[in-house]
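Engineer: Okay, here's what each chain looks like letter by letter:
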Amino acid sequence: MELWILFGSFLLLIAFNVPIAFALGISACATLVYDSLPLMVAVQRIASGISVFSLLAIPFFIYAGELMLFGGIAERLVRFANAVVGHVRGGLGLVNVLASMLFGGISGSAVADTSALGSILIPLMKKKGYGADYAVNVTITASTTGILIPPSHNMIIYSLAAGGGVSIATLFMAGIVPGVLTGLCLMVAAWAVAVKRGYPKDEWPGWGGVWTSFLGAAPGLFATVIIIGGTLSGVFTVTESAAAGAIYALLVTLFVYRSLSLADFWKATINATKTTAMVMLLIGTASAFGYVLALHQVPAKTIELMHGISTNPYVVLFIINIILLVLGCIMDMAGLILICTPIFLPVVKSIGMDPVQFGMLMMLNLGTGLCTPPVGTCLFVGCSIGKIRIEEAVKTIWPFYLAMFVALMFVTYVPAVSLWVPYTLLK
Amino acid sequence: MKKTLALLERINDRVSTWALTLSGLGLLVMTAVTGWQVFGRYVLNDSPQWVERTTLLLVLYFTFLAGAVGVREESHLGIAFVNDALPAGVRRVVHGAVDLIVAAFGAVLVWNGALLVIETWDVATPIIKIPEGATYLAIPLGGLLIASYSLELLLRVLTGIERPRAVDLDEPGPA
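Quick mapping for you: the protein sequence lines, in order, are chains U and X.
The opening position of the first sequence corresponds to residue 1 in the working numbering, with each subsequent residue numbered one higher.
The opening position of the second sequence corresponds to residue 1 in the working numbering, with each subsequent residue numbered one higher.
Read the hints as simulated data drawn from the structure, not as lab findings.
All values derive from a computational prediction rather than experimental measurement.
Every residue gets a Cβ at the ideal spot worked out from N, C-alpha and C, and that includes glycine.
Keep in mind that the hints are not guaranteed to be accurate.
To be verified - Quick list of the computed label-pair ranges, beta carbon to beta carbon:
1) 312/U x 125/X: 44 to 52 Å
2) 130/X x 262/U: 30 to 38 Å
3) 251/U x 40/X: 17 to 25 Å
4) 119/X x 415/U: 45 to 53 Å
5) 124/U x 130/X: 46 to 54 Å
6) 4/U x 107/X: 19 to 27 Å
7) 395/U x 97/X: 32 to 40 Å
8) 218/U x 90/X: 53 to 61 Å
9) 40/X x 218/U: 26 to 34 Å
10) 424/U x 90/X: 56 to 64 Å
11) 314/U x 40/X: 45 to 53 Å
12) 233/U x 129/X: 32 to 40 Å
13) 184/U x 10/X: 49 to 57 Å
14) 233/U x 125/X: 25 to 33 Å
To be verified - Chain X is nowhere near these chain U residues, computed Cβ spacing over 10 Å in every case:
15) 123
16) 181
17) 207
18) 214
19) 307
20) 346
21) 352
22) 355
I would like the entire structure built from these sequences, with the hints used as guidance.
Structural biologist: Here it is in structure tokens:
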């Protein structure tokens with residue numbers, strides 16, 4: 001009965017457009033009332049869910065991303081990517097994917113990727129004769145590589161949801177190969193569609209051109225070195241490295257590129273504050289929700305249920321993938337990581353999967369959800385930049401979904417894709 | 001009812017600006033002190049212990065303040081497609097009910113948050129030695145804002161008065 005109240009009220013609330021962050025808190029409270037437990041427990045859970053030191057990296061990553069967005073770093077990355085792959089047929093599609101991977105190495109958020117690169121690349125692609133649907137599709141699917149390529153604030157959320165047994169540094173390392181693999185799959189799709197539609201190509205700028213554009217992008221790319229290098233070498237904690245990244249981004253945009261005005265600086269600060277507050281509130285209420293889940297032993301019951309269906313790892317993983325893909329279509333990523341990790345992680349552990357690999361599966365799977373209707377944040381942002389309707393974008397997006405699905409299957413069934421790098425390097 | 005709405009709107013405008021400005025400053029301070037911590041550890045050979053506590057305090061405040069403003073700007077993530085498919089009349093009723101529920105949740109935060117503050121006021125937090133209740137104070141404050149904003153939204157549904165424009169707090173910032 002308690003579970004009917006918990007899940008029933010939650011589903012009812014989100015169906016009628018109650019913000020997910022509040023729906024989680026309200027359904028948790030409703031269940032506690034039914035259990036005749038004091039609501040203060042829920043309130044305290046919300047607060048303790050937010051006050052976690054490693055989570056402080058999230059505001060800093062988001063802040064760094066906003067500063068780079070306003071400070072014109074994205075533009076320089078695009079120029080560099082264009083010099084490298086712009087001369088292939090449908091070059092700008094490939095440029096888009098590569099730039100997204102580079103920018104993902106700085107911002108760590110798919111939505112930031114979409115809005116930063118989309119606002120530069122989508123209009124440019126349209127001008128050069130690419131279809132708006134193609135431009136939007138490439139941009140939004142490519143932006144999901146930003147979730148896998150470190151840093152990634154979603155991985156921090158996963159590390160938290162997994163109960164602290166999975167280190168953030170390991171997850172960051174693990175994301176590199178799946179991120180690059182997804183990027184490559186998307187490039188193949190982008191190229192194939194471009195050839196079929198006869199899209200143009202740019203001239204090869206020569207190695208000199210590549211070098212010049214690299215120098216322009218280097219100060220921005222160095223942020224990645226600070227964040228990743230700092231974390232892995234142990235010079236910084238993750239939180240410190242994120243703060244260092246934000247401070248570095250500020251210094252570069254203010255003094256090296258001189259592209260950030262004071263008004264933009266404040267705008268970036270307020271934007272980062274708003275985004276962070278929404279993510280953190282969600283984390284807080286999800287932690288209250290998770291407390292109620294644990295109170296009623298939902299994770300243990302899920303294992304039982306899944307084992308009742310099948311104990312074959314291939315089947316179990318396939319089922320979980322489908323469930324996540326469907327949920328990803330209707331809900332946003334951070335919320336799903338927080339709700340689904342405590343439920344599914346014990347299941348996959350029981351069939352012998354490494355929590356790090358499951359993390360990658362989740363990132364990629366739920367990342368796909370950001371590009372699917374009816375609820376897909378990247379899809380929404382991309383379409384509004386490209387000024388096309390969602391139906392128009394989705395009609396021709398299938399090659400890109402297919403590319404992501406191929407990458408997802410690799411991540412799901414080939415453990416080495418996720419685990420080789422961290423377990424080789426972090427020994 | 002229209003007068004109440006106009007009054008509430010004025011108050012909420014004021015409060016939003018303040019909440020966002022304070023939250024923005026909070027983020028700046030957080031970034032700066034965390035940077036200071038690294039500087040302290042490697043250059044001054046003295047890792048300041050208060051940094052971690054202070055940032056945790058700030059993040060709680062700005063999550064609740066700026067998170068509450070998100071209610072008013074209706075920027076929290078939600079699922080709109082079911083509502084969009086409803087007939088206009090039903091949609092209004094649902095919208096009003098949702099505002100009422102969120103306001104009630106705000107009230108829960110105010111009441112239980114306040115109890116938590118009172119209960120923990122005599123406990124000092126480690127290192128920075130302020131009452132633990134003072135950190136939890138962010139919860140009832142945020143709850144109050146959430147309730148107040150939801151009531152404004154509810155009054156808008158009841159009176160049918162749309163928001164004149166999205167309050168663009170980006171523009172008049174104290175930069």
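Engineer: Does the no-contact call for residue 346/U survive, Cβ to all of chain X over 10 Å?
Structural biologist: Correct as stated: the minimum Cβ-Cβ distance to chain X is 27 Å, above 10 Å.
Engineer: Holds or violated: the 53 to 61 Å window for the beta-carbon distance between residue 218/U and residue 90/X?
Structural biologist: At roughly 56 Å between Cβ atoms, residue 90/X and residue 218/U fall inside 53 to 61 Å, so the hint holds.
Engineer: Please check whether the beta-carbon of residue 355/U is more than 10 Å away from every beta-carbon in chain X.
Structural biologist: The assertion about residue 355/U holds, with a minimum of 26 Å to chain X.
Engineer: Was residue 352/U rightly flagged as not at the interface, with every chain X Cβ beyond 10 Å?
Structural biologist: Residue 352/U is indeed farther than 10 Å from all Cβ atoms of chain X, at 34 Å.
Engineer: Could you see if the CB distance from residue 4/U to residue 107/X stays within 19 to 27 Å?
Structural biologist: 25 Å Cβ-Cβ, so the 19 to 27 Å window holds.
Engineer: Quick check for students: does the CB of residue 123/U sit more than 10 Å from each CB in chain X?
Structural biologist: Per Cβ check, residue 123/U is outside 10 Å of chain X; nearest 22 Å; holds.
Engineer: Is it correct that the beta-carbon of residue 181/U has no partner in chain X closer than or equal to 10 Å?
Structural biologist: holds, 28 Å
Engineer: Could you see if the CB distance from residue 233/U to residue 129/X stays within 32 to 40 Å?
Structural biologist: Hint holds: Cβ distance 34 Å, inside 32 to 40 Å.
Engineer: That 17 to 25 Å hint for residue 251/U and residue 40/X (C-beta), does it hold up?
Structural biologist: Since residue 251/U and residue 40/X have Cβ atoms about 19 Å apart, the given range 17 to 25 Å holds.
Engineer: Holds or violated: the 45 to 53 Å window for the beta-carbon distance between residue 119/X and residue 415/U?
Structural biologist: holds, 48 Å
Engineer: Could you tell me whether the CB distance from residue 233/U to residue 125/X stays inside 25 to 33 Å?
Structural biologist: holds, 32 Å
Engineer: At the C-beta level, are residue 312/U and residue 125/X separated by a distance inside 44 to 52 Å?
Structural biologist: holds, 51 Å
Taken one by one, the earlier hints all hold for this structure without exception.
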